[in-house]
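J.: The lines below spell out each chain.
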Amino acid sequence: MTRLRSTATSLTAPRIGALVSLVFAVNGFSQTSTSPTGNAPVTPVVQVVPSPAGGAVRTAGMGVSSLDLGHMSWVLESPGFGLTHTRDKDSFTISTSVGLLLDCPTADTGRRGLISAFLQQTDSRYTISLDGNALSTALAIIGAPVSCASTTQHTLQVRVPVSTPAGPINPTIGFQVTLQ
Amino acid sequence: MKKLFISALTGMAILLSASNLCAQSSSGTLNVNCTVDPSISITFVSDGGGVTLTGSGSNNATLAFGHVAAFGYTPPSTITQTVNGSTSFSVATPFDVLVTEANTTSSGYTLLAQLQTLDSTNNWYVDTLPVLSTGQTTITSTGSYNGTAMHNLKITIPFSNTTGSVSNVISFQANAN
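Chains A and B supply the protein sequences, listed in that same order. 1 is the number of the first residue of the first sequence in the numbering used here; add one for each residue after it. 1 is the number of the first residue of the second sequence in the numbering used here; add one for each residue after it.
To be clear, the hints were calculated from the coordinates, so they are not data collected in a lab. Computed from a predicted model, the values in this text were never measured in an experiment. The hints are all genuine.
Part of the chain A face toward chain B, derived, beta carbon under 8 Å:
hint : residue
1    : Val45
2    : Val46
3    : Gly63
4    : Ser66
5    : Leu67
6    : Asp68
7    : Gly70
8    : Met72
9    : Ser73
10   : Val158
11   : Pro168
12   : Ile169
13   : Thr172
14   : Phe175
15   : Gln176
Covered stretches of chain B (chain A as the covering partner; in silico rule of three or more C-beta atoms under 8 Å from a C-beta of chain A):
hint : segment
16   : 37-47
17   : 101-108
Glycine included, every Cβ here is placed at the ideal spot set by N, Cα and C.
Sequences are here, hints too, so could you generate the full structure?
T.: Printed below as a string of structure tokens:
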């Protein structure tokens, strides 16, 4: 599995990014930084951010976030704020909304990126889906290309079969962005 | 001048060509934390041979025997009526209990029942076991999950009861073994 792709043209990219930024400035365009850390990243980063109606997403650093779903069970009458609980006879599913912020270096302002997601490890105890698509260790493209500094809303689902033993589960979803 | 102009154009062409190749890639992560808790649920289901439950499939159902009597009464096929000598009569009907487990290592359950309100006139039974308001009665300690289990509700009404209406609530509780 390759999670970091070659950046062979990285020497050229900042120059083009700078040029584009300059043109925007001349046209009077100003962009507010939406980086959760307040600083533009050195490389493009997908930052998972809270959704207004979603669960508790916390930023733990540049490109690193956590989502605490708390205790959940097949018989769950009142899930936490921003969480939806559904079940059938074989499993239950917790759903929530999350935002994906494409945080880019200043030099890449105005560019677009294609975001992919994957699971860092497979685990038969649960299924993680993003916008209805089950994730695996293979990269899966999430939607259409998005602009740098934009945030898109997505639905994250954790499905747990009734046969899964009780206990903690801690999946990690990896994101990768390729600027275009 | 002409030479310089061509040179500038060539430089721009290289620049534009490079822009098509300048895909950058980087990453981010989301750590999801949660704890799966074990759980069981209990629901009442109409039995094929019993009175149809209102609220079948839920954990709050109503079983209505309708009008019953000791004499001159022909019960429907879903109700069994018995006259007990010269003192009382009984009506009985089967109903099903479904206990479902999820994310547990429990191999079975214990089913308990308790009458919610004291009834000093009539006698209530589940599977021939008296159900009282003073404490829980163990209906079974070897219940199996994920399949309906048939139980029988019987009410014995003395001839001395002239109140007309017989009504109560039985609370069932399933505990994982």
